[in-house]
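**Q** Here are the chains, one letter per residue:
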Amino acid sequence: MTTHTAPANRSDVSPVVSMDMITKTFPGVTALDRVKLDLYPGQVTALVGENGAGKSTTVKILTGIYQTDGGTIRIDDAPVSFASPNDAAKAGITAIHQETVLFDELSVAENIYIGHAPRTRFGLIDTAAMHAAAAKLLDDIGAPFSSHTQLRDLGIANKHLVAIARALSVDARVVIMDEPTAALSHKEIEELYTLVETLKSQGKAILFISHKFDEIFRIADRFTVFRDGAFVGDGLIADITEDALVTLMVGRSVDQIFPDRAHTPGEEVLKVVGYSHPTEFADITFTLNRGEILGFYGLVGAGRSEFMQSLFGITKPTKGVCRINGEIKIIRSPADAVNNGIVYVPEDRGKQGAVIGLPIFQNITLPSLGRTSSRGFLKLAEEFKLAREYAARLDLRAASLDQDIGNLSGGNQQKVVIAKWLATQPQVIILDEPTKGIDIGSKAAVHKFMAELAAQGLSVIMVSSEIPEVIGMSDRVIVMRDGLIASELSGDELTPETLVRHAAGITTSTEGTAP
Amino acid sequence: QDDVRIAVVVKALGIGFFEAAAQGAEEAAAELGNVEIIYTGPTDTTAEGQIEVINALIAQQVDAIAISANDTDALVPALQRAMQRGITVISWDSGVAPEGRQLHLNPSSNPLIGNMIIKLAADHLPDGGDVALLSATTTSTNQNIWMEEMNKVMGDYPGVNVVATVYGDDLADKSYREATGLMQSYPDLDAIIAPTSVGIVAAAQAVVDAGKVGEVNVTGLGLPSEMAGAIESGASQSFAIWNPIDLGYSATMLAYELSQNDIEAVPGAEIPMGRMGTLTLDDSNEGAMADPFVYDASNIEDFKSIF
Amino acid sequence: MTNTTQTRHIPDRLHSRAARLFKSWEALLFAVAIAIFVVNSFASPYFLNAWNLSDATFNFTEKAMIAFAMALLIISGEIDLSVASIIALASTAMGLAVQYGAGTPELVAIGLTVGLLCGAFNGVFVTILGLPSIVVTIGTMSLFRGISYIILGDDAFRGYPASFSWFGQGYIYWVFTVEMLFFVIIAVVYAVLLHKTNFGRAVYAIGNNPTGALFSGIRVARVKFILFLLTGLMSGVAAICLTSRLGSTRPSIATGMELEVVTMVVLGGVNILGGSGTIPGVVIAAFVMGLVTFGLGLLNVPGIVMSIFIGLLLIGVIALPRLWAMVSAQRKARKIA
Amino acid sequence: MMRHIPVRETILASAILLLIVLIASRFAGFVAPANLANVFNDTAPLIILALGQMVVILTRCIDLSVAANLALTGMAVAMINVAFPGLPIPFILAIAVTLGAMMGAINGVLVWKLNIPPIVVTLGTMTIFRGIIFLISDGKWVNSHEMSPAFTGFPRAAFLGLPVLSWIAIITVVAFGVMMSRTQFGRSIFAVGGNPHAAVYTGINVGRTQFGAFVVSGALAGLTGYLWVARYAVAYVDIAGGFELEVVAACVIGGISIAGGIGSVGGAVLGAIFLGVVKNALPVVNISPFWQLAISGSAILIAVAFNARSGRTKGRIILKSAEVTQ
Ligand SMILES: Nc1ncnc2c1ncn2[C@@H]1O[C@H](COP(=O)(O)OP(=O)(O)OP(=O)(O)O)[C@@H](O)[C@H]1O
Ligand SMILES: Nc1ncnc2c1ncn2[C@@H]1O[C@H](COP(=O)(O)OP(=O)(O)OP(=O)(O)O)[C@@H](O)[C@H]1O
Ligand SMILES: [Mg+2]
Ligand SMILES: [Mg+2]
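Residue numbers (the working numbering), protein chains in the order written: chain A, 1 to 515; chain B, 1001 to 1307; chain C, 2001 to 2337; chain D, 3001 to 3326.
None of these hints come from the bench; they were simulated from the model.
There are no misleading hints in this set.
Simulated restraints on C-beta separations:
id	chain 1	residue 1	chain 2	residue 2	range
1	C	V2039	B	D1003	18 to 28 Å
2	C	K2196	B	T1165	53 to 63 Å
3	B	D1003	C	L2312	29 to 39 Å
4	C	A2031	D	S3288	47 to 57 Å
5	C	M2180	D	L3018	52 to 62 Å
Glycine residues also receive a C-beta, built at the ideal position from the N, C-alpha and C atoms.
Same shape as in the complex, but just chain A (with noise of 0.2 Å):
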């Protein structure tokens, strides 16, 4: 492993920020790891690392929606300890979080002072001083649209425009940015890098996340690196290549982890063609065939899990068709699907995929239960041996099999709802960031699961954000950007620079093909 160290500062400023030892874990997950982080007044450091690598949840320490586990977090080299986000604030710190952390049914205006507008002298919020106010900040970002808007009337850019307005609006000695350019277009994006700069000029400290390699060599000055919640290196932007940060944030040797897989595609299992969505997606094509694993690449909010939740059934396509095994079906929903043989075991784990509250034998038999019962009857015995296999298959640890699923690990999680797919013994599996938030003992049993699956002859669509996952599992991987296939690679293709340019859309001379 190739730790990056600082060299001595340069500059003989000392940080605003300076956090060491930072430790958080969650039920089943240790998110952060004894991480250090420093952040410099007048510069812009960016936090670099893998999607889960704990950049939000430091984000949220800093702010005070999370308390640590463990270490500290000084402030001008006094230590603090944030009970509150007020806390936060009023030490200074303010971030635009990855989530939109704003309120539909107020004006945009409230939306960027709730919890701190300006009072009139009868302690009531001064309106015209909060709009007045508001619409300068809106102004200075270059913002469309007025203080007096409804929020619901937005659209998800200038949504995100209001969440920087907000942070901005108090008067911080440090603003946290996570991914802040994830949703905007170019134009809004330059905007956004003339504030950082006047925010720099000010003498504040910022924060910016960021997946996008080009923006980062931008604006930033210095450089942080984790790597699945453990810090891996820092420095200053001006010392370090694109390639090595790459490097640096991908880090593991790719071949190690991934099992190897005889490569033996089958005949066509699978064609879409043409699916089209009116917002989310439009135009995807392509073929799926019996043993392989077909990889999604794209940024978040690429439109991948969208598009694979309409091909299971959960939203409508205003067009295109579907073939399995050459027959054009029409699938209406989840159950038709699973009749079908497509199943998906999506993203959102807590949320759609676990049904917690239950038992883990029974969320496995859900789909099953026709099989396990009889006239629509339960048959426990039958429940049991069904989940016994599948649990066993997937080397499942839970204390028993009658255990509230909700009490297991992410991984642990994660795998009995892949073994809940497949016990219906379906002929194509969706896996949506199948490895998102589970620790790397998971990881390894999810990947060597689903190579030994592909070789049974199942037809795994794998979508990741993960880019070593996409290149260690995939036999081909389709790329999307903005709800449209950027391309398809495979072989010598796949290579993790090639993938973040066609997924980012950056066209550059070093390689022959611009997508």
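Use these hints to put chains B, C and D with the ligands onto chain A, whose structure you have.
**A** Just chains B, C and D with the ligands now, with coordinates in the frame of chain A:
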């Protein structure tokens, strides 16, 4: 020997009229010596509530049930079961269908009451005029009968027109609203007849609030204690009521006679009821206790502290 | 693939069935029921009498019939507040039919059909239009009873055929009433439906996580629609029994019963937010409520005072375990500190 | 800008106007200012309670105990008045508001600290409060002649042509207008109901806000309790029985989303007025009052279906081409 237990079941607990009746029942019990009164009823005026109460009374094997019913028919099965278990059942004030009781004690005779309520209004309308009825619930047995009897004698009061009948459900707020609605819909209204003690008070209040004292006369059946204010303000010239104390007294006496003295309730029978004389049963085993009594400014002071 | 040499063995169950039963809500409730029974026997000499206990069952049998269907509906995360109004409408329809000379079989058919139709009406609003069931059924609660008022106004329907009285006043054998028989049959049917069938499993899955259930291939809307139908149907059955028992129909029939049904269900350990609960729990809750009202009734305690007990029971049985957990957690924290 | 006109409220207001015009066409007297003032006065308690309920519903709770709270407070102040006829009205008002707020606080604590679902809590307290009325009053009524003239006179005393009862409703509406739009608490209520998860991020305590909502609802129920008892000059166990559902209905018709976060003071007031107009109009236009229940039921269904349709959130847009056409 154990006390004779007589259950006095009322439409709902807490209504002044029935509290007074309970007082009469206790008076009868004291007079008889070996009688225990169980005064009970639901807290809202529903048949279902009364059925639960009746079931509990059957279980306690009371000797007699004297009930003022919320529903003529719905109580019949429960009361029939009581009779099968050897309990004497009579109804009073508001009756039960004949198959559900041994006899029914009317506070007064229905024709007399029907005539009385319209007469009270007509007495103050020498030149005729428009009157409206504010009744209790649509299902109240006795209110419906009285209004029927009233309609039969309308010919005796030329010039007096009944323009509307509304229902206040024996709820103060609803009665108030209905009375207000009447005055709006019929600006020339001369009198509101409310043959229910809840409705008459609410109507009087509505008349006072609408500033129509002197224009609209509220009359009907009410309790002196509750109507004293209305007589004083002039919202009501006069109203009538029988004495609920006497009613409770008589009902208890009748129940005792039937259950202890082997008197049979058959048409034509004359059953003693203590100081109130005797009750003579008609073809449907009903009898009337006494004439209604009229209260006005001249005598209200004497009665308002009694009931 | 299957690593037969060393598969980790996961036991099916950690605790025996008896151990789980002992710690369950039903056991707690059963103890409460026994306690009330004992207290009642001492408090009133009339309590331990077969005929009296038989009469007392009328206090809960009709409500319980609906409560079983309502339990499934609440477990699935929905609620139906219109049940009492469905009774009113079904009873009115039967009363209307009597005026045109309908006999007992027709009356039963009409009662059940109206119940089903009302359930379907609720179901359409909730599952097809996707509206919150609490609001929809507050609306239909007024609408259904309102229709009864329009039809009946200040009138009452009576004159039900003599044979019709069998449902609410008949006895099967000795002190055992027809309603008790219905109660038992319906309890068994719903216990089997909820605990022993695929449908019941789907109900639990939907209640715990409707999205997860949908993503597991369960036809969520269809299941919910069926649950509304069942609740409507049971209201129809209760309408037949209650109408038969009263021998007449007025639009105010069964007023306020919906809240008693919901109370019974929640007291039976069904989570009002959906996902958990059992039919045996509701059965015991029905007895608890019946025993409390009957016992207090024997002491001539007014119904409204009884309802204080029910209200305290409702909040108490949920609050006490939570209070206990909070207190013990605090004590633990203090020990550590 | 079209956006600033609240669509829901405009439609509801038009529906009410249309209704009034229809009634006027059959009975001109209905639109006489005096009569309209009367209708408003009649609806005043519903308006006040609907505002309290609105606050609770906005925070994703429900308060089924309002009517019982009203009745218990009403009985309590009536009995206090009987015992101490000389007690000035401001005291009575203070007692009523405090008593009501205390009952609201009981609901609020059970929801906030013990995390019991609001519907269970208020279903329980509803029956308990009713029962307590019976216990304290022994089931007896307090009648008008037992109350002091000042006690019964207050809500009906006329001021600038309107009874005090109407004025209190108007003041409550204005106060709520200010509270909901101009105070931290008011805005927090929308935030908590609209997005509880995000509310935590902005430092708002969700449980405490819900507690506050219950206290407000309780205080208004207490206030209405006194007004009700004084206006109808009678107090007994069953007053305002079942009124909680009418209050919830007014909110639903007024477009307050039962899922929380969506609604307005104007909506709640209009919802209450709609029901008030219907209730007062039926006897006037000679439609049997038996139609009232069915009409308000249908109004609820239509309103909720309509609000759900208009409130459907726009989805996220990924496709660049789709974004352009939007
Ligand atoms: N209107 C919206 N506003 C914000 N986020 C949304 C909205 N609609 C959907 N999302 C979320 O954005 C995320 C990304 O969208 P989607 O899943 O379609 O794209 P993706 O390419 O699969 O991205 P991911 O890598 O997150 O899976 C999803 O988790 C989705 O739930
Ligand atoms: N509230 C929570 N409960 C349980 N696990 C959590 C919670 N929040 C975060 N995690 C887990 O902690 C880990 C770090 O998550 P975090 O959101 O910080 O990642 P990230 O670096 O921001 O990723 P991304 O780039 O996708 O935003 C993940 O494994 C995640 O699943
Ligand atoms: Mg993140
Ligand atoms: Mg996705």
